[in-house]
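Residues per chain, in single letters:
Protein chains: 2
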Amino acid sequence: MKANRVYNFNPGPAILPLEVLKEAQSELLNFNNSGMSVMEISHRSPEYDEVHNKAKADIKELMGLGDDYEVLFIQGGASTEFAMIPMNFALDGKKGNYVLSGSFSTKAYQEAEIQGVGVVAGSSKENNFRNIPKQDEIKLSADAAYLHICYNNTIYGTEYHYIPETHGVPLIADMSSDMLSRPLDFSRFSLIYAGVQKNLGPAGVTLVVVKKSFIENSPENIPTMLRYNTYSKKNSLYNTPPAFGIYMVGKVAAWIKKQGGLQAMAEKNAQKAALLYDAIDNSNGFYKGHADKDSRSFMNVTFRLANEELEAKFVAEAKKQQLCGIKGHRSVGGMRASIYNAMPYEGVKALADFMLKFKEENL
Amino acid sequence: MKANRVYNFNPGPAILPLEVLKEAQSELLNFNNSGMSVMEISHRSPEYDEVHNKAKADIKELMGLGDDYEVLFIQGGASTEFAMIPMNFALDGKKGNYVLSGSFSTKAYQEAEIQGVGVVAGSSKENNFRNIPKQDEIKLSADAAYLHICYNNTIYGTEYHYIPETHGVPLIADMSSDMLSRPLDFSRFSLIYAGVQKNLGPAGVTLVVVKKSFIENSPENIPTMLRYNTYSKKNSLYNTPPAFGIYMVGKVAAWIKKQGGLQAMAEKNAQKAALLYDAIDNSNGFYKGHADKDSRSFMNVTFRLANEELEAKFVAEAKKQQLCGIKGHRSVGGMRASIYNAMPYEGVKALADFMLKFKEENL
Numbered sequence: 001m002k003a004n005r006v007y008n009f010n011p012g013p014a015i016l017p018l019e020v021l022k023e024a025q026s027e028l029l030n031f032n033n034s035g036m037s038v039m040e041i042s043h044r045s046p047e048y049d050e051v052h053n054k055a056k057a058d059i060k061e062l063m064g065l066g067d068d069y070e071v072l073f074i075q076g077g078a079s080t081e082f083a084m085i086p087m088n089f090a091l092d093g094k095k096g097n098y099v100l101s102g103s104f105s106t107k108a109y110q111e112a113e114i115q116g117v118g119v120v121a122g123s124s125k126e127n128n129f130r131n132i133p134k135q136d137e138i139k140l141s142a143d144a145a146y147l148h149i150c151y152n153n154t155i156y157g158t159e160y161h162y163i164p165e166t167h168g169v170p171l172i173a174d175m176s177s178d179m180l181s182r183p184l185d186f187s188r189f190s191l192i193y194a195g196v197q198k199n200l201g202p203a204g205v206t207l208v209v210v211k212k213s214f215i216e217n218s219p220e221n222i223p224t225m226l227r228y229n230t231y232s233k234k235n236s237l238y239n240t241p242p243a244f245g246i247y248m249v250g251k252v253a254a255w256i257k258k259q260g261g262l263q264a265m266a267e268k269n270a271q272k273a274a275l276l277y278d279a280i281d282n283s284n285g286f287y288k289g290h291a292d293k294d295s296r297s298f299m300n301v302t303f304r305l306a307n308e309e310l311e312a313k314f315v316a317e318a319k320k321q322q323l324c325g326i327k328g329h330r331s332v333g334g335m336r337a338s339i340y341n342a343m344p345y346e347g348v349k350a351l352a353d354f355m356l357k358f359k360e361e362n363l
Numbered sequence: 001m002k003a004n005r006v007y008n009f010n011p012g013p014a015i016l017p018l019e020v021l022k023e024a025q026s027e028l029l030n031f032n033n034s035g036m037s038v039m040e041i042s043h044r045s046p047e048y049d050e051v052h053n054k055a056k057a058d059i060k061e062l063m064g065l066g067d068d069y070e071v072l073f074i075q076g077g078a079s080t081e082f083a084m085i086p087m088n089f090a091l092d093g094k095k096g097n098y099v100l101s102g103s104f105s106t107k108a109y110q111e112a113e114i115q116g117v118g119v120v121a122g123s124s125k126e127n128n129f130r131n132i133p134k135q136d137e138i139k140l141s142a143d144a145a146y147l148h149i150c151y152n153n154t155i156y157g158t159e160y161h162y163i164p165e166t167h168g169v170p171l172i173a174d175m176s177s178d179m180l181s182r183p184l185d186f187s188r189f190s191l192i193y194a195g196v197q198k199n200l201g202p203a204g205v206t207l208v209v210v211k212k213s214f215i216e217n218s219p220e221n222i223p224t225m226l227r228y229n230t231y232s233k234k235n236s237l238y239n240t241p242p243a244f245g246i247y248m249v250g251k252v253a254a255w256i257k258k259q260g261g262l263q264a265m266a267e268k269n270a271q272k273a274a275l276l277y278d279a280i281d282n283s284n285g286f287y288k289g290h291a292d293k294d295s296r297s298f299m300n301v302t303f304r305l306a307n308e309e310l311e312a313k314f315v316a317e318a319k320k321q322q323l324c325g326i327k328g329h330r331s332v333g334g335m336r337a338s339i340y341n342a343m344p345y346e347g348v349k350a351l352a353d354f355m356l357k358f359k360e361e362n363l
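If you're matching them up, the sequences are chains C and Y in order.
The first sequence runs 1 to 363 under the numbering used here.
The second sequence runs 1 to 363 under the numbering used here.
In short, the hints are calculated from the structure, not lab data.
Keep in mind that the hints are not guaranteed to be accurate.
Copies of the same chain are indistinguishable here, so a pair counts whether it falls within one copy or spans any two.
Here are the simulated DMTMM-like cross-link-like pairs (lysine to aspartate or glutamate), alpha carbons at most 25 Å apart as the crow flies [to be verified]:
| hint | residue 1 | residue 2 |
| --- | --- | --- |
| 1 | LYS320 | GLU47 |
| 2 | LYS233 | GLU308 |
| 3 | LYS359 | GLU23 |
| 4 | LYS54 | GLU311 |
| 5 | LYS320 | GLU50 |
| 6 | LYS139 | GLU47 |
| 7 | LYS234 | GLU113 |
| 8 | LYS94 | GLU220 |
| 9 | LYS288 | GLU23 |
| 10 | LYS233 | GLU311 |
| 11 | LYS327 | ASP49 |
| 12 | LYS125 | ASP49 |
| 13 | LYS313 | GLU27 |
| 14 | LYS313 | GLU165 |
| 15 | LYS95 | GLU220 |
| 16 | LYS234 | GLU308 |
| 17 | LYS139 | GLU220 |
| 18 | LYS233 | GLU113 |
| 19 | LYS212 | GLU50 |
| 20 | LYS234 | ASP49 |
| 21 | LYS211 | GLU360 |
| 22 | LYS22 | GLU361 |
| 23 | LYS268 | GLU216 |
| 24 | LYS357 | ASP278 |
| 25 | LYS320 | ASP143 |
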């Protein structure tokens, strides 16, 4: 820990790389010798163009995607994407197909329902979202316009460990909580989106990575700001973009490159997750993981203790050790440690050590 | 000028108070002893709640509004409001009425047109948007759901000097470029909105100040994120808000209070504007203002020189004096000096002095 900083296990807004914050701090009054803050420069200036385009290029490079994909910066969070997706793609009587694997995938489906175009193609709701539905549990409707999945479920602590096969139906994924956390064959997705406030930057930017051919013709009877091609045609500069947020996302992407890219991130993230899952699995039931083992998230580790009293004690004592933000979401209860890219190994080690000590003191 | 800063006349994103930027810089790694950046704290935490609610309260206090008004923080800029307004209010066959006084008011109207509910109630297009239509030039349709105006036209440099009388029809105003720049009887408006990146903060937050009774019942067949009551019911925390931007808006609002509130801002802004309009009016036609005198903006001063060559020379020489961002928008040409709240008197004085010197050297 440095500069009076705590270990921040918040689910989002979440920890950012200290290096990135320090860089932003040092140039906050005068960006790149412009004599202005990056918050004050014109979004039509060459200085901003460089920030914007470098962020896009680095993200595509990290994901190993080529010219057939486009990076967009949108506002309104994943919740706005939930509405844009059916409006843009569930056309001509076709239906949006959804796998329900947690809270946000269910909200995405409900938003399609408002438009009368939602179909449930798979669900783990009956299992209290402890697992990700398997390939053979996903049944697409005959009129499927797309299949929508949420790749990592922040609240329940589950994550896909495979990419669903859709036999040609476009695959759309909400990766808000595991974007750029590991390599994947991203070319199997038609559209990937993420509210950046978990793994990539401050709240207020939605990163969308999309196959160009998928958004060539957005419907013209929907609001301009809800058409994907409004963003692709104007390099996400149709109106003033959330420039400071995009600047921060660019810095985080450059930081990931410096760490060795997505493969290096994946290895580091797997090591970090193993520390906590081992602490759970070796606790003789003192800690009970929420997620089924084959669906465990590398980003959000959820677990419960014997009772709520003990859980409250755990949260309070952890906080005294500067281990913050580990109280779980009310719909699962217990604990949730969010260990995104920016969380250092030492932070997770400190939590794992604390878990061992707390168990011994409270058996 | 301090700390290698220039005088920034950009139209938006635009200059922010140096004091505010310095404060943000000093606490960027550790907000309020939380051990986290304000970008990293949870939007459900008491620390963030205080930031959020203080910003709302200060804005209402500055505007002299009571409990019958609500402050909302939305994303997507004014362009998203253009679509939300007809979706939320032009219902039951009623029509959105629009006064066209420039580029953005026209875009707002066009967005209503996409929904088939737009009516032009007045326009100064034939006069190349040199003036604001007068009260008797505004004709509401019999089925008017609301009257929409753009109070200050950033591109053309015009501003309303009166509040249109609508005889009970709800009045809606885009105040993106003059929000909190002067007192006004804000209670005559049903809804006021502003992309904050001109007068109030970094891009990525839309400030909406609205009469509670006007948004009680948003239609349930439109996307959740486009219903005004989604924001009012959840204190603008239905999903993760653009927290850093709201934090900056809060700091700017507190700074305005410290300057003496809207009356003090209005006086300062009038003095600043007079410097430039006097320089134009006393130039014997060397500088030609775009706006008609009775419609001149206190925020954006637009003027032309004899030819484009001379204009290019003006921009280049001004830049050498650290007077930046004064090239006009392509649809008007010439110069535009944006002199928002945060622009100090000395900056405008430096520009006025330069205008005099440049005229003498280039007569």
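Here is what the structure says about each hint:
| no. | hint | verdict |
| --- | --- | --- |
| 1 | LYS320 x GLU47 | between (44 Å within a copy, 18 Å between copies) |
| 2 | LYS233 x GLU308 | neither (52 Å within a copy, 30 Å between copies) |
| 3 | LYS359 x GLU23 | neither (39 Å within a copy, 43 Å between copies) |
| 4 | LYS54 x GLU311 | neither (44 Å within a copy, 32 Å between copies) |
| 5 | LYS320 x GLU50 | between (43 Å within a copy, 23 Å between copies) |
| 6 | LYS139 x GLU47 | neither (49 Å within a copy, 45 Å between copies) |
| 7 | LYS234 x GLU113 | between (30 Å within a copy, 22 Å between copies) |
| 8 | LYS94 x GLU220 | both (18 Å within a copy, 22 Å between copies) |
| 9 | LYS288 x GLU23 | neither (40 Å within a copy, 44 Å between copies) |
| 10 | LYS233 x GLU311 | neither (51 Å within a copy, 31 Å between copies) |
| 11 | LYS327 x ASP49 | between (40 Å within a copy, 18 Å between copies) |
| 12 | LYS125 x ASP49 | neither (45 Å within a copy, 32 Å between copies) |
| 13 | LYS313 x GLU27 | neither (41 Å within a copy, 30 Å between copies) |
| 14 | LYS313 x GLU165 | neither (44 Å within a copy, 61 Å between copies) |
| 15 | LYS95 x GLU220 | both (19 Å within a copy, 20 Å between copies) |
| 16 | LYS234 x GLU308 | neither (52 Å within a copy, 27 Å between copies) |
| 17 | LYS139 x GLU220 | neither (31 Å within a copy, 29 Å between copies) |
| 18 | LYS233 x GLU113 | between (29 Å within a copy, 21 Å between copies) |
| 19 | LYS212 x GLU50 | within (22 Å within a copy, 42 Å between copies) |
| 20 | LYS234 x ASP49 | within (12 Å within a copy, 36 Å between copies) |
| 21 | LYS211 x GLU360 | neither (52 Å within a copy, 57 Å between copies) |
| 22 | LYS22 x GLU361 | neither (38 Å within a copy, 46 Å between copies) |
| 23 | LYS268 x GLU216 | neither (38 Å within a copy, 49 Å between copies) |
| 24 | LYS357 x ASP278 | within (14 Å within a copy, 74 Å between copies) |
| 25 | LYS320 x ASP143 | neither (55 Å within a copy, 63 Å between copies) |
Hints 2, 3, 4, 6, 9, 10, 12, 13, 14, 16, 17, 21, 22, 23 and 25 from the earlier list are contradicted by this structure; the remaining hints agree with it.
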